[in-house]
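*Asks:* Guided by the hints, dock chain B onto chain A, whose structure is given.
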Amino acid sequence: MKLNLKIYRYKPGSEPHYDTFPVDVPETANVLDAIERAWDDLDRTIMFRHACHHASCGSCGLLVNDQEKLPCVTPVKDYGEGATLKIDPMRNMPVITDLAVDASPIYQRMALIGLPIIRDAETLRADGKEPLPEGLEAFRRFENCLECGLCLSACPVMATDPQFLGPLTLAAAERLLAEPRGVDIERIYRLVDDEHGVWRCHSSFECTEACPYEVYPGEAIMRLKRKVGLRKIKQFFGGA
Amino acid sequence: MEVKPKPVQRKPLEWFNLKGKRVGFWAYVVMRLSAVGLVLYLFLHLVILSQLAVGPAAWDNFVALAKSPAVLLLDVVLIIGILAHGLNGIRLTLIGFGLGVPRQKLMLWIGLILTLVFGVLSALAIFAETK
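As they're listed, the protein sequences go chains A and B.
For the first sequence, counting from 1, position 124 maps to 124 in our numbering; every step adds exactly one.
For the second sequence, counting from 1, position 16 maps to 16 in our numbering; every step adds exactly one.
Chain A extracted, bound-state conformation (with noise of 0.2 Å):
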């Protein structure tokens, strides 16, 4: 199947550009197949992060298209025999060079909430065959979520206030207080519960469009606007 890469570069010290590599990849292949194709047969020189190429590690994000993806589980096949696809690097966040971004605001803003998503195994599972703890009526596998940083590249507000926790800060921080597991849920509200936090958010869901994985983190900023939100209520009536 041949495509077009149409691949943003950019170099310390000279102008970006766009470089456009013919590539021929099976029917099969997935973009990043094709990003190396052309790495492996075209430029040495296209620098781009990638690893684990099963969606597991989520260090290979970017746009096809201006749209955020995993290229390494995104079909060519989806774009069709001989398109152009325009890769860039993701939005938000500083550009090393060409395709590599510095993901450094995704692992900041992680262990702003102390990095929740790394946790020791246990037996919780979602089929019933096992009882929730006790106090959980329903619970969604944040652990889900790759910190892949799509979902701060697509927020609009990442755009304008680098201060934004952003939403995948704040869809940890919502499965936090939904199981604390000892956490100092108070310092979790104060965090959100702020101009950079919570109600930054302006609902364009965007980052759930984005998200590779099933961690819908628009719903769960939403459902923190609503905790946040009946806790500021009881507290002003005198409430705890």
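To be clear, the hints were calculated from the coordinates, so they are not data collected in a lab.
Everything hinted at is true.
Negatives, chain A to chain B, calculated, CB over 12 Å:
| # | residue |
| --- | --- |
| 1 | P22 |
| 2 | E27 |
| 3 | C52 |
| 4 | M110 |
| 5 | E147 |
| 6 | R181 |
| 7 | R190 |
| 8 | D194 |
| 9 | K234 |
| 10 | G238 |
Below, in silico cross-link-like pairs of lysine to any residue (SDA-like), each with a Cα-Cα straight-line distance of 20 Å or less:
| # | chain 1 | residue 1 | chain 2 | residue 2 |
| --- | --- | --- | --- | --- |
| 11 | A | K234 | A | R187 |
| 12 | B | K19 | A | Q67 |
| 13 | B | K6 | A | S14 |
| 14 | A | K77 | A | F21 |
Bear in mind that the values here come from a model prediction, so they are computed numbers and not experimental data.
We treat Cβ as the ideally placed atom computed from N, Cα and C, and that holds for glycine.
*Replies:* Chain B in isolation, oriented as in the chain A frame:
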């Protein structure tokens, strides 16, 4: 050698960059544009009302202008802006309270359809008056 990344350029115009965006973002853009339009209209409205203080002739001149097709078309745009902003505002309020979140996209389409239906009905009513 230290490599300095290309910094992120924070551009408010990115709020209006529709490339690759989906329906929720379109609603986000419409919300902002309609808000700016409605604020401008409020000030325009106050300026127009001030004609009453100038005298009957000034007001009569404005009324004659207000009946021109171009201004009536602006009235239709105003009504569509109010409907789009108000109905999406109700949607955002509901989902902000965690109500109907799984159906937020359906609510968006319902709001859009109601905006179009009532926008067209308003246009028909306004221009029927001029015949």
